[in-house]
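The sequence shown begins at 1146 in our numbering and counts up one residue at a time.
Read the hints as simulated data drawn from the structure, not as lab findings.
Don't take each hint at face value.
Said to hold, decoys possible - Pairs of lysine-lysine residues, derived as DSS-like cross-links and limited to a Cα-Cα distance of at most 27 Å, are as follows:
#, residue 1, residue 2
1, K1455, K1421
2, K1306, K1360
3, K1403, K1421
4, K1421, K1443
5, K1360, K1403
6, K1442, K1478
7, K1442, K1412
8, K1331, K1261
9, K1478, K1430
10, K1442, K1418
11, K1280, K1331
12, K1435, K1421
13, K1360, K1326
14, K1435, K1403
15, K1418, K1443
16, K1337, K1360
17, K1418, K1430
18, K1455, K1435
19, K1435, K1418
These figures come from a predicted structure and were not determined experimentally.
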Amino acid sequence: ELLYDLKLYHHGVQLGNVEEVDEYGNIYFAIGEYPLLAGQNEFSLVLSVDDSIAQDDILQFSIEEASDIVLSYNTHPYTPDGEYPVLGGLVSFTDTGSVNAYNTLNLSNPYIIADKAYRIGSFYLRNNYETVDLKNVIITYQADHQPDLSEQVFVLLRDDKIIAQADPVEGSNILEFEFVKSLVVKAGNRIKLQLYMSALPEGEYSFFLDSVIGKGYVSGQDIELVDQLFLSEIRVVPYYLEFRNGNLDVALVDGWNKLYDMNLYAKGVEEIKVTKLSWDLNYAKVDIVKAELWVDKKLHSTDLTITEDKIVADLEQSVLVDIDGTNVQLLIKTFGSFNAFSTLGAYLLTDTEEYSEDSNIIWSVEDDINNSYLLPYLPLEPSILTIQED
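Based on the sequences and whatever the hints tell you, model everything.
Given below as structure tokens:
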């Protein structure tokens, strides 16, 4: 009985009704002598479903052979050319729509300065099966402590416009956003939302898209998010030191070589003092005579300790790093005859655990002493100098 409700349409015009459904599932339409348009003709099958169809049922329609289509021109019958069978897509049935979410935020730097507003989430919501009127979004978070966020502001943006705001409740890790205006998403479409926060207390946070709730236009049922989505993991700090590669050379020459070049930036504070830097050193068929540290194109007075595999700068005179950036270069003087196998390389050594006196990098703000553990953008690219052919 279900298939007798099937209707055939041609460019929006219904072509008769089902005449017969035989025991093999063949469906016959009686459409009379319907004239086709010149050029391409598009047909569609429309099925009105009722209780006879169940969730997860699957239907597929096909035209098995050319003789299943009866055509005539000037009373002469003929069959259309083509590759048979002509298969339609698989159609599955569901009793309600659903919403999927996809993360679009790529945080190369998870560090955030306290007391500043930042984007901490960006995601797509894709609506499946039926048009939905979205009602609210729930985002949850986890922290390494129990922060009081009751004074903070969280907002959702779409097309750079605020569409919802959440007011955190003390003691709760739930941020509930109710849309100011109706947010309708058509079936098969997606929208992009972005999550911003005003400021957060210091600490480590993880944010998750936990729930999306809406009402299906056709089913009239609540439509929810299929799976929870991880949004971001951030570290909120008062300040930090940022490292970036400078212009690295590639040519090894007899005499002075710029072995390493990097730029340092103070984030969240006017000035940071660097009191130790370390590089891994590797070389072959090269004699090292001397090493110097240059800061902003000036020789920096310091003793560099050179071993077979390491260069350490214990900086009695600190390198002062400001918000505009400070350039640091490691220069090496070589001597002797080179060959095709001569190389000289180095990379900045970082730290794999929290501060100790043996840390590879040491920096401070007043009495707060730190190392490079978990700093963003580290490790930097290595520098490798070789003999270049003329």
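Verification of the supplied hints:
no.: 1; hint: K1455 to K1421; verdict: 13 Å, holds
no.: 2; hint: K1306 to K1360; verdict: 23 Å, holds
no.: 3; hint: K1403 to K1421; verdict: 19 Å, holds
no.: 4; hint: K1421 to K1443; verdict: 18 Å, holds
no.: 5; hint: K1360 to K1403; verdict: 64 Å, violated
no.: 6; hint: K1442 to K1478; verdict: 17 Å, holds
no.: 7; hint: K1442 to K1412; verdict: 22 Å, holds
no.: 8; hint: K1331 to K1261; verdict: 36 Å, violated
no.: 9; hint: K1478 to K1430; verdict: 14 Å, holds
no.: 10; hint: K1442 to K1418; verdict: 18 Å, holds
no.: 11; hint: K1280 to K1331; verdict: 14 Å, holds
no.: 12; hint: K1435 to K1421; verdict: 19 Å, holds
no.: 13; hint: K1360 to K1326; verdict: 14 Å, holds
no.: 14; hint: K1435 to K1403; verdict: 12 Å, holds
no.: 15; hint: K1418 to K1443; verdict: 17 Å, holds
no.: 16; hint: K1337 to K1360; verdict: 19 Å, holds
no.: 17; hint: K1418 to K1430; verdict: 36 Å, violated
no.: 18; hint: K1455 to K1435; verdict: 14 Å, holds
no.: 19; hint: K1435 to K1418; verdict: 25 Å, holds
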